[in-house]
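Engineer: Protein sequences, first through last, are from chains R and H. If you're matching positions, the first sequence starts at 0 in numbering that gives the first Met the number 0 and goes up one per residue. If you're matching positions, the second sequence starts at 0 in numbering that gives the first Met the number 0 and goes up one per residue.
Calculated directly from the structure, the hints in this document are not laboratory data. Glycine residues also receive a C-beta, built at the ideal position from the N, C-alpha and C atoms. It is possible that part of the hints are untrue.
[As the list claims (entries may be wrong)] Derived DSS-like pairs (lysine-lysine); straight-line CA-CA distance at most 27 Å:
{"#": "1", "chain 1": "R", "residue 1": "Lys153", "chain 2": "R", "residue 2": "Lys114"}
{"#": "2", "chain 1": "R", "residue 1": "Lys114", "chain 2": "R", "residue 2": "Lys52"}
{"#": "3", "chain 1": "R", "residue 1": "Lys39", "chain 2": "H", "residue 2": "Lys141"}
{"#": "4", "chain 1": "R", "residue 1": "Lys39", "chain 2": "H", "residue 2": "Lys103"}
{"#": "5", "chain 1": "R", "residue 1": "Lys114", "chain 2": "R", "residue 2": "Lys260"}
{"#": "6", "chain 1": "R", "residue 1": "Lys202", "chain 2": "R", "residue 2": "Lys308"}
[As the list claims (entries may be wrong)] Calculated Cβ distances over 12 Å to all of chain H for the following chain R residues:
{"#": "7", "residue": "Ala109"}
{"#": "8", "residue": "Val173"}
{"#": "9", "residue": "Ser321"}
{"#": "10", "residue": "Asp342"}
[Unchecked claim] If you want the ones that stay clear, here's a sample from chain R, every Cβ over 12 Å from chain H, calculated:
{"#": "11", "residue": "Gly75"}
{"#": "12", "residue": "Gly82"}
{"#": "13", "residue": "Asp93"}
{"#": "14", "residue": "Arg99"}
{"#": "15", "residue": "Gly102"}
{"#": "16", "residue": "Gln106"}
{"#": "17", "residue": "Leu124"}
{"#": "18", "residue": "Arg170"}
{"#": "19", "residue": "Ala171"}
{"#": "20", "residue": "Phe174"}
{"#": "21", "residue": "Val274"}
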Amino acid sequence: MATDQQTPRPTSAGVSARPALGDPDRPAVEFRDIQIAYGKFVAVRDFSLSIAKGSFVTLLGPSGCGKTTILRSIAGLVDISSGQISIGGRRVDDVPIYKRNIGLVFQSYALFPHKTVFDNVAFGLKYRNVPKADIARKVGQALAMVRLPGSEKKLPSQLSGGQQQRIALARAIVFEPEVLLLDEPLSALDANMREEMRVEIKKIQKATGITALFVTHDQEEALSMSDRIVVMNAGSMEQIGTPQEVYETPATAFVADFLGKANMLPGTVATADGVRAKVALAAGQSVEVVSPRPLSQGTAVTVVVRPQKLFVGSATAGNRLSGRVVSTSYLGGSAIYEIDLGDKTIVRANNAIAGPLAHEGETVELGFDPRGCVLLDGKGLRIA
Amino acid sequence: MTKGWTLYDPRLAWMLVAPVLLLLIFFLVLPIAVMMVYTFFTFVTAGVEQATLTLANWHEFFTDSYYHGFLLKTLRVGAMTALICGVLGYFPAYFIWATTFKHKWLLLLLLIVPFWISFTIRTFSWINILGEQGVINVALLKLGLIHEPLPMLYTEGAVILGLLHFLLPYMILNVYVSLESIDRTLISAARSMGCTSAQAFREVTLPLSLPGLAAGLLLCFVLAAGSYVTPLLLGSGRDALFGNLIYDTIMGELNWPMGATLSIVLFVVLGFFAAVYTRYMGMSQIVKGLGG
């Protein structure tokens, strides 16, 4: 449940003490036409986003796409060149970082090495003038929440990486900030720990009802944790939607490729009959597709098919293609095939194993449901 | 058949260390040992001593308060110099660390530029500044602000000033290195939790830079307390430090056994301070190192 923030903030002149109470529909964080430039280099352009209270939003993109810059701009660690940012309805463009009431978790944990776990977690409370007794209680609760009770007297160096990141999380949420900013918090952890922390962060976010903005380049993290994903590329937003939306119906070629390495088959519309069309692939074969809107003959399109929707075997329904297996990776429950459709067009299929495996060099049949694909136009934008 | 050598062969390691080790043994350990033996020799007359073992030199040192006074004054001047160095040196170090100036290396280079000029000449330059005919006195006299030259040169103040001039770069570099090792996201973290930049400095930057400050203090203290040229050039007879006392005993009185005794005393006292201090400081270094 989303509690309205009740943290006693030091009221000082210069900051409007407008209460953040009231209007529950007001977004927790709102960006309006943000532009961030370093000299001539524009790191973020025309970025607008509003994050609903209590939701978990992920900025996903490759390194250098501007996602971390956006996160840092909310924190006040980066100045925006134009546009405006509001937190809980309060414009913060001119509010210094220490008055913004945000919780930050860094990739490098950023725990104070010279302070005990208790002093680390109590840090934000101390600067909010919380009474001593309350501090002890809240720190205890926060440590219990991250499942490290009783670690108050330890120094960060005595904890493992995963434990340090949990302390960092406790430290960021203990003063009930209006928004929790997570800057690739899992990247420094090893694979097993990462999955555990993923579940844990999500659980804590749900339990506290805190609004979270998560930055990552890892699609699995984004898909599994988010209410909404914002896919970023080269400083601008490519698509925003639920994990399913961005995965199933990528808006651009970039999103299709970045999320799940979809197969992209360029071709032209050979015959069209309303929303059904036959596309002649550049690879030489042709496929049948169902488009959200009627297509006209001769249009250049790219057929996007997820590896999971491309089935290898003769019993496939819908389209039927043939190709030569280039490689087979057996993963136990499933197998990933790389198949050459001819003319050096390699597609990937990721299928649950049923029956014998297809091996390297074999010629196989494969296909997909005409509805199981997304069509992109000549500019790489989804036809919708 | 010869046995193959590997890159991490322990024999190779010993061979690589050997030159330094031999140098240290023959030119440091051995001479100190010889000095140690000399402290038990008998002083006959100027320039003459006998290899008859005696405790007279040590007895003289432990009973004559003349030596104790010198020792205490030396430690006091060393400590004062180190402290002033710490206070004055922290700010430039912080500035070099915090600046967004693109060519930081240039600022660091400026720090070591003084080392290109001989230390003795740098010390001499103060005579032209502080002396009766020096820049300051002449200027003040010409301006009519004073009627007779201020006695600035040949005072303890001048000695400390000369030592500061010599030691400040060491302090600044030490503090700078330790500031540079601070993860700057710690400061962002502190700021995000409600610290003003001044509070973040007090909570994070200052405590994490203390090891560098501490190392700088020790270095400045030992170098100042062991100094000899600076008090000789900038101080009066009263401002002589223990090093000058040793010089006088050996070169003036030609009393080698007593000179050796005093040398060993200074060596042991400064070594003691360094050892105790390093032990204490070493702890904080470890804590810091593990904290990464």
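Engineer: Now look at each hint and say whether the structure bears it out.
Structural biologist: Results for each hint:
1. R:Lys153 <-> R:Lys114: Judged against 27 Å, a Cα distance of about 9 Å means the pair holds.
2. R:Lys114 <-> R:Lys52: Roughly 33 Å between the alpha carbons, so the hint for Lys114 (chain R) and Lys52 (chain R) is violated.
3. R:Lys39 <-> H:Lys141: Between Lys39 (chain R) and Lys141 (chain H) the Cα gap is close to 55 Å, so the pair fails against 27 Å, i.e. violated.
4. R:Lys39 <-> H:Lys103: holds, 23 Å
5. R:Lys114 <-> R:Lys260: With Cα atoms ~44 Å apart, Lys114 (chain R) and Lys260 (chain R) exceed 27 Å; violated.
6. R:Lys202 <-> R:Lys308: Violated. Lys202 (chain R) to Lys308 (chain R) sits at ~31 Å, over the 27 Å cutoff.
7. Ala109: violated, 4 Å
8. Val173: violated, 9 Å
9. Ser321: Holds, because the least Cβ-Cβ distance between Ser321 (chain R) and chain H comes to about 54 Å, which exceeds 12 Å.
10. Asp342: holds, 49 Å
11. Gly75: With a cut-off of 12 Å, Gly75 (chain R) comes too close to chain H, as the shortest Cβ separation is near 8 Å.
12. Gly82: At about 21 Å from chain H, Gly82 (chain R) clears the 12 Å cut-off, so the statement holds.
13. Asp93: Non-interface label on Asp93 (chain R) holds, nearest chain H Cβ at 15 Å vs cutoff 12 Å.
14. Arg99: violated, 8 Å
15. Gly102: Check fails; 7 Å does not lie beyond 12 Å.
16. Gln106: Given a closest Cβ separation of 8 Å, the condition is violated.
17. Leu124: violated, 9 Å
18. Arg170: violated, 7 Å
19. Ala171: Its Cβ does come within 12 Å of chain H, the nearest being 8 Å, so this is violated.
20. Phe174: Check fails; 7 Å does not lie beyond 12 Å.
21. Val274: holds, 51 Å
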